[in-house]
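A.B. asks: Here is how the chains run, residue by residue.
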Amino acid sequence: MHRIIRYSFADLIRSRWLYFYTGFYLLLTGALFFISADLSKVIVSLMNAILFIVPLVALLFGVMVQYNTREFTELLLAQPIPRKSIFLGQYLGIASALAISFLLGAGIPFILSGIFLSGEIWNFSILLISGVLLSYIFSALGYLLALINDNRIRGFGLAIVVWLLLAVIYDGLFLLGLAWFSDYPLEHVAIAASIFNPIDLARILILLKLDVSALMGYTGAVFNQFLGTASGMGLALTVLVIWAVFPVSLIRFISLRKDF
Amino acid sequence: MIQLHHLEKSFGRLEVLRGIDVAFDQPGITAVLGPNGSGKSTLLKSILGMVLPSAGQITFQGKPIDQQGAYRKDISYLPQIARFPENLRVAELIRMIESFRSQPSRSAELIRHFGLESVQQSQLGHLSGGTRQKVNLVLTLMYDTPVIILDEPTAGLDPVALVKLKELIIQARSEGKILLITTHIMSLVEELADRVVFLLEGRIYFDGKPETLKERVQEPNLEKAIASLLSGGHLTPISTTRPVQAKMNGKVIHATIKS
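Protein chains in written order, with my numbering: chain A, -15 to 244; chain B, 96 to 354.
These aren't lab readings, by the way, just hints derived from the structure by calculation.
Just so you know, even glycine gets a beta-carbon here, dropped at the ideal spot from N, CA and C.
Keep in mind that the hints are not guaranteed to be accurate.
Have a look at the derived ranges for each label pair, beta carbon to beta carbon [stated by the list, open to error]: (1) A:Ala33 to B:Gly107: 42 to 52 Å; (2) B:Ala150 to A:Thr213: 51 to 61 Å; (3) A:Arg54 to B:Ile348: 18 to 28 Å; (4) A:His(-14) to B:Gln156: 25 to 35 Å.
Computed cross-link-like contacts, BS3-like style, restricted to lysine-lysine with a CA-CA straight-line distance of at most 30 Å [what the hints assert, rightly or not]: (5) B:Lys342 to B:Lys261; (6) A:Lys242 to B:Lys168; (7) B:Lys309 to B:Lys168; (8) A:Lys68 to B:Lys309; (9) B:Lys158 to B:Lys168; (10) B:Lys272 to B:Lys259; (11) B:Lys272 to B:Lys304; (12) B:Lys309 to A:Lys242; (13) B:Lys261 to B:Lys346; (14) B:Lys272 to B:Lys309; (15) B:Lys272 to B:Lys261; (16) B:Lys168 to A:Lys68.
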């Protein structure tokens, strides 16, 4: 499997799109530093961008690479290697390329600004961990959508729908629900509901670490109040890791049963 | 070497293979023929385990094929569509495929044979369709395997490359290999094939020497013989035995039909 990961990675890191992606983070983070010298403010602003952009790009990359390598996958399937190595290897290649591209783009400006000498290093690490986890989670979801749907338009369409649902609509629906049922105790419902949205979890994770209560929102506050900072972060991180593993086991399940 | 027993495959409601019984045991070139959608590619892909049969069994060297795919080291397969990761270079791709098999490879010889020396460092996304097909052929033929499966090998090739491909095919036959080839070019079949398997709507309608086919429909050339097969008159599928089941008064009855 490591050979497939290596070549899938080698193919992707030469892709123009990935350079754009790294360049985008470099510019964005650089620009944020230009506007504000306060590291924690830069981290919060960057977080807001990451929570929107990482999932979208990872979903689209996952879908795109799966579709683009369909015919090549046939060639690999004819080799004496097990099926699951091919698909898991391809996925891990994409996800790792995206994660590294994100790490470089967001990391280099921080290193230049002297993050290692400041007290913000752990806050910054949590931001990077969240971005990397989101890259793995959403590229797996994208890869999975493309694997299930042979129709490319539908695959891309569904990827956009998933992104809209989790990154945009979810918060709105959540607030509506809270307002609607405001007479009831909703804390546990809120914790349960945020577990189903990795983007929300990542936000909670970062804000708990930064301890910015004004930005936590309802779910963040509930996590903080009921679980405390440490166990709240622990729960958020654990569920994020489950989110990263679950779609991968689905990729394995489907790839073993699919015709090519 | 390769045996297919009652092989069936449907994609949803579409039945692509409807009970295929065939063996590829003898060295030589077998042309798998049939109109578009007759199930040729599905048949070849199921031998490689890329298509999973709905019913029936495939054995390779006496053993049922498995998902781990170790048996595929004895098969070389040329896929119908040649598309590779666009940003990899030709040499890298060849090295990658070589890394999957610990068998000796003659890629350098084939690169010379097809005149690909100058494009070795080019990215695959920049190659023309015909050049990609040549790379595809190098990847397929670089191993010394007892079975070679070629799905539309002539697609996009220029006449020079076609001649070179024929040389390689003839050489493989002389080495006692089993070759399965699908193609729509009847002159190629006429020139090379020792055996013709004719598929239509997922069943085998003819299996034998090309001369026998021509005699049966009384046509002097293969192209006309196939056309004549398709226009009806001579069409009855060769079915050997076939398991069936039926419901009678609530009970399921299993039986085997012989024809």
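A.B. asks: All the hints need checking, so say for each whether the structure fits it.
C.D. replies: We went through each hint and held it up to the structure:
1. A:Ala33 to B:Gly107: 42 to 52 Å: holds, 43 Å
2. B:Ala150 to A:Thr213: 51 to 61 Å: holds, 58 Å
3. A:Arg54 to B:Ile348: 18 to 28 Å: violated, 43 Å
4. A:His(-14) to B:Gln156: 25 to 35 Å: Given a distance of about 29 Å, which is inside 25 to 35 Å, the answer is holds.
5. B:Lys342 to B:Lys261: violated, 52 Å
6. A:Lys242 to B:Lys168: holds, 21 Å
7. B:Lys309 to B:Lys168: violated, 36 Å
8. A:Lys68 to B:Lys309: violated, 46 Å
9. B:Lys158 to B:Lys168: Answer holds: Lys158 (chain B) to Lys168 (chain B) is near 14 Å, not above 30 Å.
10. B:Lys272 to B:Lys259: holds, 18 Å
11. B:Lys272 to B:Lys304: holds, 18 Å
12. B:Lys309 to A:Lys242: violated, 39 Å
13. B:Lys261 to B:Lys346: violated, 56 Å
14. B:Lys272 to B:Lys309: holds, 25 Å
15. B:Lys272 to B:Lys261: Roughly 15 Å separates the two Cα atoms, so the pair holds.
16. B:Lys168 to A:Lys68: Status holds; Cα separation ~17 Å.
Violated hints, listed in ascending order, are 3, 5, 7, 8, 12, 13; each of the other numbered hints is respected by the structure.
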